[in-house]
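> Sequence:
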Amino acid sequence: MKKIALLISALISTSVYAQFETTTESAKFGPGQVVTLEKTNQFDLIGHAVKVGDLMPSAQLMTSDLQPYDTSAESKKIKIYSVLTSVDTPVCVQQAIDLSAYIKAHGNEHKDIEFYAISADTPFAQQRFIKEHSLSGVTYLSDASEHQFGLKTGSQIQQLGLLTRSIIVTDINNKITYIQRVPELTSIPDLVAAVKVADKNL
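According to mature numbering (1 follows the signal peptide of the UniProt record, and there is no 0), the sequence shown holds residues -18 to -1, 1 to 184 in order.
Misleading hints may appear alongside valid ones.
Cut-off 35 angstroms, straight-line C-alpha distance, at most; resulting in silico cross-link-like pairs (DSBU-like, lysine-lysine) [as the list claims (entries may be wrong)]:
hint, residue 1, residue 2
1, K182, K10
2, K182, K58
3, K93, K182
4, K10, K21
5, K178, K33
6, K10, K178
7, K178, K59
8, K58, K157
9, K21, K113
10, K10, K157
11, K59, K157
12, K59, K93
13, K93, K21
14, K113, K58
15, K93, K113
16, K86, K182
17, K10, K33
18, K157, K33
19, K59, K113
20, K157, K86
21, K58, K21
22, K93, K10
23, K21, K33
24, K157, K113
25, K182, K59
26, K33, K58
27, K86, K113
28, K21, K86
Since the hints were derived computationally from the structure, they do not count as laboratory data.
Work out the full structure, taking the sequences as your base and the hints as a guide.
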């Protein structure tokens, strides 16, 4: 338990003044895969690994407004899921602000795309996070209760009970068309690349 507490502390204490780089690197989800923190700490991924071409599995989540959400529900819109490790980390702050800023600047160009942010934080922590950073244009989803999203996509970090930083795009039929799972937790997935894939499926 002490080791896990130290690892979480390292994740949270990453310099708030750093500007974290967007990366094009990607790795797979699921068992046998690891994600690093500051290149030195390694964490194991668990769950059923999804891949491009799979249907998004049904994970029962809760929105930050305490409404149920099923990732397999039909909406006839492209979906982009920005997966955050924890809203209490500076990397996630940047990832979330970048997403909100992109939607504010380009929202009219992407009316057929729904944007989501998923983390294992509680809905109440997400509410605080949204208010603190004046975030808009994104539906926040909590995987805190049963970690269904993490376990059904292979994005669950075993040692931390958190989600590994990534981005997933699904088409109007909920088929996964794009995945980027960053190998290093202090780097940010490429939102623009994900949007380009989404646009091709409109």
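> If a hint holds in the structure, say so; if it does not, say that too.
Verification of the supplied hints:
no. : hint        : in the structure
1   : K182 / K10  : holds, 23 angstroms
2   : K182 / K58  : holds, 15 angstroms
3   : K93 / K182  : holds, 14 angstroms
4   : K10 / K21   : holds, 17 angstroms
5   : K178 / K33  : holds, 18 angstroms
6   : K10 / K178  : holds, 20 angstroms
7   : K178 / K59  : holds, 15 angstroms
8   : K58 / K157  : holds, 11 angstroms
9   : K21 / K113  : holds, 32 angstroms
10  : K10 / K157  : holds, 17 angstroms
11  : K59 / K157  : holds, 11 angstroms
12  : K59 / K93   : holds, 9 angstroms
13  : K93 / K21   : violated, 38 angstroms
14  : K113 / K58  : holds, 29 angstroms
15  : K93 / K113  : holds, 24 angstroms
16  : K86 / K182  : holds, 21 angstroms
17  : K10 / K33   : holds, 8 angstroms
18  : K157 / K33  : holds, 10 angstroms
19  : K59 / K113  : holds, 27 angstroms
20  : K157 / K86  : holds, 26 angstroms
21  : K58 / K21   : violated, 40 angstroms
22  : K93 / K10   : holds, 30 angstroms
23  : K21 / K33   : holds, 25 angstroms
24  : K157 / K113 : holds, 32 angstroms
25  : K182 / K59  : holds, 13 angstroms
26  : K33 / K58   : holds, 21 angstroms
27  : K86 / K113  : holds, 16 angstroms
28  : K21 / K86   : holds, 33 angstroms
The structure shown violates the earlier hints numbered 13, 21.
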